[in-house]
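Colleague: Since chain F is already given, all that's left is putting chains U, L and R on it; use the hints.
Chain by chain, the residues run as shown.
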Amino acid sequence: MWTSPDEFFAMGGYALYVWSSFGVCALILLIEPLAVRSRCKSIVKRLKKEILADQFDKEGSK
Amino acid sequence: MSQKNTLSNKHFINWFRLSSPMTFYPLAGKLIPIFWVLAFLFGVAGLWVSFFVAPIDAVQGQGYRIIFIHVPTSWMSMFIYIVMAVWAGLGLVLNTRLSSMMAQALAPIGAWMAFMSLWTGAFWGKPMWGAWWVWDARLTSELILLFLYLGFIALQASIDNPRRADKAGAVLVLVGVVNVPIIYFSVKWWNTLHQGASISMTKAPAMAQTMLWGMLLMALALWMYSIAVALMRVRVIILERESHADWVRQLSEVQS
Amino acid sequence: MSALLGIIHRDLLLVMRRKSEVLTALFFFVIVTSLFPLGIGADGALLRKIAPGVIWVAALLSTLLGLQRIFSADYADGTLEQMVLSPQPFVLLVAGKIAAHWLVCGLPLVILAPIIGIQFDMDAGSLHVLILALLLGTPVLSLIGSIGAALTLGVRGGSVLMSLIVLPLYIPVLIFGAGAVYANTVGLDVSGHFSLLGALLILALAFVPWVSAVAVKIAIE
Amino acid sequence: MTCIRGQRELFQGLSFGISGGECLHVCGENGVGKTSLLRLLSGLSRPEMGEVLWGGKSIVSDSASYRHQLLYMGHRDALKEDLTSLENLEMYAVLDDVALSQENALATLWRFGLRGREDLPVSCLSAGQKRRVLMARMITRRAKIWILDEPFNALDSKAVQVLQELIEEHVDAGGIVILTSHQALAIKGLKVLKL
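Residue numbers (my numbering), protein chains in the order written: chain F, 1 to 62; chain U, 1 to 256; chain L, 1 to 221; chain R, 1 to 195.
Calculated from the structure, these hints are not laboratory results. Just so we're clear, the structure is a prediction, and the values are computed from it rather than from any experiment. Treat each hint with caution, since some may be false.
As the list claims (entries may be wrong) - Dumping the calculated DSSO-like pairs for lysine-lysine here, alpha-carbon to alpha-carbon at most 27 Å:
id, chain 1, residue 1, chain 2, residue 2
1, R, LYS130, F, LYS48
2, L, LYS19, U, LYS188
3, F, LYS48, L, LYS19
4, U, LYS30, F, LYS41
5, F, LYS41, R, LYS130
6, F, LYS45, U, LYS30
Stated by the list, open to error - Stretch-level coverage of chain L by chain U, calculated; a stretch enters the list once three of its residues show a Cβ under 8 Å from a Cβ in chain U:
id, region
7, 19-29
8, 32-41
9, 113-121
All residues carry an ideal CB built from backbone N, CA and C; glycine is no exception.
Only chain F is shown next, with the shape it has when bound in the complex (with noise of 0.2 Å):
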């Protein structure tokens, strides 16, 4: 039903309002997942912190 790219990607001259609605929601489904990897990063992070710091408070209390 399309008959080119291009005639695909000018959506019938609505092609703003198709691809920034699309556009849009791809970006946002993206950056959802990657901002609570980052936000497991840090808890990760400040985990292995707090680990490694009671092995220096055991050192030092030796």
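Modeller: Relative to the frame of chain F, chains U, L and R by itself:
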């Protein structure tokens, strides 16, 4: 008879054990990739149907294809709110930590779904109705739903004690869930009072079938996506809340 | 100068660690403006007419929400005492805190305003004027508000008292800010409104940090 | 260098002087005005009558140079809970107008047993650990006169020892310390002011 009894007993224990963050954490880690694959497959199928199978609309031309993202996000935003309310209610009644965490993990996704629905609605409304925003009953209810999500997130974020945050959030969501239909009808009533009949969409009956398939596939993709992201977030929340538990400290990703 | 930038950096960092407090004020802005059409009806012409006033009043109220935050947290944990005792000029520190408040509570309102304007069916020209007016007016709101925030530090029922003190002082900004958009819609020249808003801003910039600094010192003593 | 302070207030007719290398322990019962005295000395509040002199000049007329030399610590720990201990130190360095390199700040935090915790938000630290961050600030501030209100609160015996050593070190280097405390202090060269 006695065998059956022990069996059901065993099941009960299993369920109970699953609801503890310690056992759920690794399980969620295993489930996440499955849901990502499902989300990807349904998403590809849904996009294929919506862009290459569904024919052009007689009235709205190609612009109507926004419906394939707009309607599924609206469905999901409402569906997630209900699921969130169920989890929060379970957390309140059974006092299980995990279900409150699930409710908390779902809220941001629901809010994004509501936002996407409003955003795509605006980009659909502009070419079709000539305005970015119309005070139509559905749009207005969707906006209020977004506010409810944001209120829940803000309440959870501003209470430092997690147990109190869970309970307060649960009460808010449950009040919201009772309120949503009331809000919807009041807005609808308000709308008919102030405006003529809202603009109704026209579509050829033969096309409805493929359109429905496209929307269903997209909704399924978003559903799987929401589960995947919610599980990811629940894992983070578990780590944050249980950071002083021994089992967290013994996790392989924490032990460097 | 390094003190000014340092305190702005510090306040922004603190806000980033606790985003929800600031976002609440912004959502308040969006919700309040969205309630007006529900209350009075979605008639396009009517909405266009009330839009500037509604948006300005909502902006006043939502800056008011964030005002308490300028000094009260630092007052509660003793950091404000340390600032008073700092060798840096205290006025600079206060100015930095006000600037940070505007960046966090004022600037986002300016950015959100067009979206609200679209909900109220405003045309592009009016939106343009509205944004410019808010850009000139919201710093004045932060500045004047800081006086009220400083005066009500540690006072019982401080936040209600603060709105009583501050809201009357906001009236000129409201009149000229909303007036600029009205003037534009009826085809009058808006430069007069803008120069008055600009004058208010310069006047506030010149005097308010000193007044707030004195008010904070009174509260600490 | 001699510093003279004379002042009268609630306690009426109080007058004393303190010079470099001395430590003054202000003691007395609750509510007698220890904290008020320290606030007067720091310049946070003004005396009804009389004045506080620093190097012969009133601290009101020459506040900037006095504040460059002053470290005041009140009851509250004045740490931002949402910032890490390192960020807190750096923030105070900017506020107090002293140059502080990151290595220096880290080394000071490590000295007080906060190794591994420098990047944790202060809200995750215990009360004693917060006081240790404050001790790190006392060093990095590089002030001549320390005014400390109940510095030994919430400290375990080991930390009390560390803080006492810190104060002695400061006094030996010619600094001035004025503090309040409920417990008797084992610091050499201690002067006691009973209110």
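Colleague: Can you name, in rising order, the numbers of the hints this structure does not satisfy?
Modeller: Of the numbered hints given earlier, the structure breaks just one, which is hint 2.
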